[in-house]
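Take the sequences, apply the hints, and build the full model.
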Amino acid sequence: MVDRHLPPISEVVLTRPAGSNAGLREALVAARPAGMVEPTLITQPLLAIQPLPDGGELPGALAAMTPTDLVVFVSPRAVEAARAVCPLGDWPAREFAAVGAATGGALAEAGRPAAFLPDASEDSEGLLESLRDVPVTGRRVWIIRGETGRELLADALAARGAEPRFVAVYRRECPDPHPRPPAPAGPTCLWIITAPQALDCFARLTSETDASQFGLLDSNLLVINERARDRARAAGIRGPISLAGGPGADTLARAAWQVIADRQSPSP
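Each residue of the sequence shown is one higher than the one before, counting from 10 in our numbering.
In short, the hints are calculated from the structure, not lab data.
For every residue, glycine included, the Cβ atom is placed at its ideal position computed from N, Cα and C.
Watch out, some of these pointers could steer you wrong.
[Claimed, not checked] Using C-beta positions, here's what the derived DEER-type ranges look like:
| # | residue 1 | residue 2 | range |
| --- | --- | --- | --- |
| 1 | P68 | Q273 | 50 to 56 Å |
| 2 | G147 | A117 | 24 to 30 Å |
| 3 | E160 | Q273 | 35 to 41 Å |
| 4 | G98 | S19 | 43 to 49 Å |
Set out below in structure tokens:
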């Protein structure tokens with residue numbers, strides 16, 4: 010049921026790192042239901058991605074990697090940073106896995122299609138489900154990621170007898186905490202946030218000493234799963250939080266339009 014007291018969404022904020030929002034913008038435009046008023050689309054990256062110097066931990070991992078190991082890529086950014094260090098065709102491991110469809114697409118483009126992809130939810134849980142019948146006991150699993158994240162994936166694999174190894178290839182940083190012009194804020198704004206650390210950067214935008222940011226905590230959020238929603242609440246976000254069910258552009262676009270439609274429709 011639509012809440013009469015919530016105003017319509019007039020602005021949708023795309024928060025992926027600079028250069029990564031075009032696909033989502035196109036999906037939102039393409040998915041607009043007939044007769045719906047299109048909100049203003051605003052690009053406001055919440056994360057800056059920087060490759061780690063000298064390939065980060067990847068050179069050491071490649072030196073220890075064997076053909077029987079499994080390599081998991083957590084994002085297209087991980088694929089991009091890793092292949093810049095060493096072409097994926099030259100890696101010793103024979104089997105690669107991806108956390109989501111976009112990451113799988115990046116692997117295919119790099120010439121090493123993923124042997125394992127999530128069947129349903131595009132997250133750690135989805136990939137674990139796709140690996141349910143894959144023997145991993147005693148098998149080394151290299152998780153190519155940023156400096157943090159995917160602890161749940163590593164813990165679950167370890168519980169099944171695998172030997173997970175994190176490999177950091179890039180760094181995620183919060184951009185300027187006081188953007189100009191000020192970030193859109195309030196109950197008419199819908200922020201689409203797909204990365205857990207981006208939620209922390211969003212919370213950093215709020216400041217009681219900066220009146221221009223007042224109301225950010227009352228904005229609407231669209232996140233990919235319940236864990237992200239819990240993290241947002243823990244960061245102090247008070248506004249409505251909706252779940253998209255995955256990080257794919259089409260999935261996010263459909264979920265965003267559902268939120269917008271609910272707020273534009275009259276209550277029964």
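To see whether the hints hold, each was checked on the structure:
no.	hint	verdict
1	P68 / Q273: 50 to 56 Å	53 Å, holds
2	G147 / A117: 24 to 30 Å	29 Å, holds
3	E160 / Q273: 35 to 41 Å	39 Å, holds
4	G98 / S19: 43 to 49 Å	48 Å, holds
When each numbered hint is compared with the structure, no violation occurs for any of them.
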